[in-house]
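Peer 1: Listed here are the chains, written in short residue letters.
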Amino acid sequence: MTLTQAEAAGGPITAGGPVTDADLVRGRGAAAARRAGRSAVTIVAQALVVIVIASFLTFALGAASGSNPAAVALGDQATPEDVARLNHEFGLDQPFLVRYVEWLGGALTGDLGRSWFSGIPVTQSIAAAFPVSLSLALGATLVAILLGGSTGILAGIRRGTWIDRAVTAVNAVLATIPAFVAGIALILLFAFVIPIFPVGGYVPPTVSVTAWLLCLVLPSVSLSLDAASDLSRQLRTSLVGALSQNYVVGATVHGLPRGRVVWGHALPNALGPAVATLGLHVPRLVGGAVITETVFGMPGLGQLARQSAISGDVPVVQGVLLVSVVMVVACAVLVNLVLSRVSSTERSAA
Amino acid sequence: MSGPGSRANVVVRLWNAGAAVRVALVGLGLIVLVGIFGPALAPYDPLAQDTAIALQGPTLAHWLGTDYVGRDVLSRLLAGAPVSLLAALLAMTIGLVLGAIPGVLSVFAPRIVEWTSLRLVDALLALPFILFAIAFAGLLGNGLWQAMAAIGILLAPGFFRVSRAAALSVTSAQYVEAATLLGASAAWQVRRHVWRSVAPTITVAAIGAIGGALLVVSSLTFLGIGVQPPAPTWGGMLASDLEFLSQRPLGPVAPALAIILTVGALNLLADAARDALGVDAATVRTRAVRARKETAHATSA
Amino acid sequence: MPRLRDRVAASPSLTTSGAKGVPSFDEASLVAPAVAAVRGLRVSTLDGTELVHGVDLAVRPGEALGVVGESGSGKTLTCRALLGILPAGTRITGGAVLIEGQDLAHADERAWRDVRGRRLGAVFQDPASYINPAVRVGAQLEEVLRVTAGVPRRQTRERARELLDSLGLRDVDLVLRRRVGELSGGMLQRVLIAMALAADPAVLIADEATTALDVTVQAELLDLLRDLRRERGLALILVSHDLAVVSQVCERVLVFRDGAIVEGGATARVLRAPGHPYTRELLAAHAEYGLERYLRS
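Chains as they are written, first to last, in my numbering: chain X, 13 to 362; chain W, 159 to 459; chain A, 15 to 311.
These aren't lab readings, by the way, just hints derived from the structure by calculation.
Remember, it's a predicted structure, so these values are computed and weren't measured experimentally.
Among the hints, a few may not be true.
Just so you have them, the derived chain X footprint on chain A, three or more residues with Cβ under 8 Å [said to hold, decoys possible]: (1) 63–74; (2) 238–246.
Away from chain X, derived, C-beta distances all over 10 Å, residues of chain A [said to hold, decoys possible]: (3) Val186; (4) Ala212; (5) Arg283.
Glycine included, C-beta positions come from ideal geometry on N, C-alpha and C.
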């Protein structure tokens with residue numbers, strides 16, 4: 013995806029990368045200094061504001077839907093009395109703002125309501141689906157770091173050689189392949205050609221750690237390709253840039269071996285933008301997991317959201333969205349905190 | 159001068175930008191033609207079922223084979239083109255209107271409005287895209303319009319940021335103050351410069367956004383949201399191909415290629431447009447300086 | 015000749031390391047083997063354009079050699095060839111690079127690693143950009159001491175302190191804890207000199223090392239270089255466009271132009287009685303806008 017939130021993003025919450033307002037108006041240096049000066053408190057405070065607004069939007073979405081508990085639970089047989097009765101039971105006859113505050117308050121204590129369809133507490137359904145999504149997100153991040161990191165560093169060190177050209181070409185191709193196509197391609201490959209990994213389902217680590225790891229391999233790879241290619245490209249660019257800096261010449265001239273110069277001096281300075289790029293992909297890993305979960309038949313948050321959205325089960329949808337937003341924002345805060353520490357040492361030197 | 163000039167000029171400049179771009183333009187042109195005339199070009203009725211010949215590979219009668227209920231894949235692909243393409247185009251337009259206009263206006267708005275809109279945009283950007291699109295489209299009725307509106311609303315913050323950044327680069331504070339102090343005609347010049355400076359940036363963003371929107375539309379239809387079967391969509395075809403993968407392993411190739419080629423062409427075009435229209439941070443800044451000088455001239459004369 | 019040179023080379027007082035001789039020009043040093051030299055050096059770009067056309071340069075132990083010339087005259091490329099760090103896109107197409115008699119023109123990284131820092135050191139213009147901005151300078155100096163000079167880990171802190179102290183820095187402990195952005199140009203250049211001399215090389219290449227600094231700081235650093243030469247018998251290759259500096263510090267001077275040396279010899283001779291028209295031009299330009307002219311008028 014070229015223009016999406018990712019490309020245009022660059023404000024307070026998402027990790028700073030492409031051009032932002034401030035950059036354009038005041039010139040890069042001043043903006044960077046401002047960014048570095050943002051304290052941890054500011055970052056967390058802004059994150060909280062965003063979560064509150066997002067929760068409001070989520071709740072408003074649920075409220076705006078024409079769905080009601082009777083329609084979901086009883087379907088076509090719901091009589092108007094049923095509708096009124098169940099509405100009262102679920103507290104839907106109260107004013108909007110009251111319901112919002114109650115819902116938010118309940119969320120803080122871990123109570124997200126009950127499903128209109130099954131009556132199961134939403135928190136319970138989410139708790140069942142959460143480990144699956146978390147495993148997938150972590151797996152994809154790990155694969156992205158391993159694949160993207162190694163190829164990016166290789167291409168950066170061996171600039172201009174065939175390795176570099178190969179990596180760049182593969183990255184360009186991968187950037188255009190959507191996640192579900194990659195997933196299906198992987199299934200084709202590993203189900204019919206080289207049947208090693210299972211092509212679907214989920215086994216919790218409590219049952220069998222090996223089975224759990226095996227069933228995570230293909231979905232993680234499929235989900236990570238987008239992030240891995242971006243990370244690889246970014247790392248290569250920053251590494252090439254860092255290696256052309258004078259301090260690399262300085263370190264070499266003072267007799268430090270090439271390996272130490274690359275790994276100890278150039279690479280740490282190149283990591284900043286790479287971490288930012290990875291941070292930009294975290295929302296996609298949480299949101300894009302829906303497709304991968306469907307393709308590989310994994311019962312995660314994405315599947316939960318999809319099924320409940322189609323059946324109109326509002327409390328579950330709201331709960332899943334809220335949890336996802338919190339996860340995404342938490343990751344963004346972490347990335348921003350790491351970045352502000354990294355860039356503050358660089359900026360004070362500039 | 160600032161600004162790309164007439165529309166024809168832009169296309170000519172893009173055409174001259176290189177071989178890759180020409181391939182992309184030609185390919186895109188073909189796809190647009192298919193989008194407009196597709197259903198008419200389909201050899202068979204895309205909805206006609208014939209279970210006797212279900213799940214066949216490519217044959218002379220059916221160039222791309224048949225799906226799990228015997229429908230001709232090629233016809234479905236051609237018929238599905240306008241749906242997917244139009245949905246993507248409309249979603250992008252919704253995003254553009256909802257995002258770019260407030261984005262530019264936010265630069266002139268009072269401080270409190272500006273701050274609120276920025277926080278709102280931050281919040282929207284924090285929402286996981288597909289998850290929210292699913293929730294939105296699913297909860298508000300599982301139709302194509304809902305899906306397009308959902309995608310448009312989620313694309314809007316991106317447009318907002320991009321157009322706001324472009325507008326900011328043109329209207330630095332002193333410059334606007336001076337213009338407004340000197341009267342309406344100067345202010346009008348400012349507005350004109352703002353739009354002219356912002357237009358190329360938004361164009362580039364828009365082209366890229368269609369590609370992104372197409373991917374999301376395909377994802378949504380893949381998940382069964384937005385368009386109900388049996389209506390053909392590229393994403394929906396992929397989903398049913400996945401179900402019957404063992405019987406027809408090469409099934410997903412056709413719709414997948416359609417999606418990849420279209421998105422790829424759009425991305426190539428967006429990159430070329432960015433180069434041809436000279437839209438990047440440095441150029442936006444240079445344009446700002448130039449615009450400032452021009453207005454200084456006009457107001458001093 | 016060779017036999018005389020061998021006999022002199024064998025004599026301990028005139029060998030390359032530890033030559034604690036007189037800093038001024040000394041006839042006998044003519045016959046001491048050069049500690050760093052290039053002979054007939056040719057450097058070209060990858061597509062064949064020759065940038066350096068057969069340059070001969072040599073510096074003997076304890077000697078100070080000045081290299082003057084405009085930008086693009088090939089002096090920086092020659093220094094980089096001496097260090098084995100020619101920029102990407104250029105390569106040595108002829109001649110020899112002799113470090114203590116060993117030709118390293120086509121040597122691999124491992125051979126160069128033994129030489130850099132241990133036999134020759136270098137400092138450059140804009141010291142801030144030649145030190146890693148993300149790491150404290152103390153840690154970097156200790157790293158060079160440990161890796162290049164082989165100082166045991168436990169003693170690196172102490173040696174770093176001693177080194178910076180001997181270079182005239184006050185508040186050494188404070189400086190060691192700082193990063194690049196928190197130190198002034200003069201301090202940074204001393205840190206860079208410390209890193210360059212950490213492993214006690216025989217030659218120091220100073221490529222426009224004082225150009226970007228204030229005049230007073232420049233004077234201090236030049237004094238420092240003079241003291242270093244006296245204490246360690248350090249040879250110096252001073253590259254500068256400032257003829258005044260070169261004239262005060264160096265016994266011999268080479269004039270570069272368009273990739274070749276147009277004139278070379280004792281400073282006194284070259285600057286008072288230049289042979290080549292280009293040298294005369296340089297001197298005239300210096301005289302035109304020099305301080306002496308103003309003071310005299």
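Peer 1: Does each hint hold? Answer for all of them.
Peer 2: Hints versus structure:
{"no.": "1", "hint": "63–74", "result": "violated (count 0)"}
{"no.": "2", "hint": "238–246", "result": "violated (count 0)"}
{"no.": "3", "hint": "Val186", "result": "19 Å, holds"}
{"no.": "4", "hint": "Ala212", "result": "7 Å, violated"}
{"no.": "5", "hint": "Arg283", "result": "32 Å, holds"}
Of the numbered hints listed earlier, those contradicted by the structure are 1, 2 and 4.
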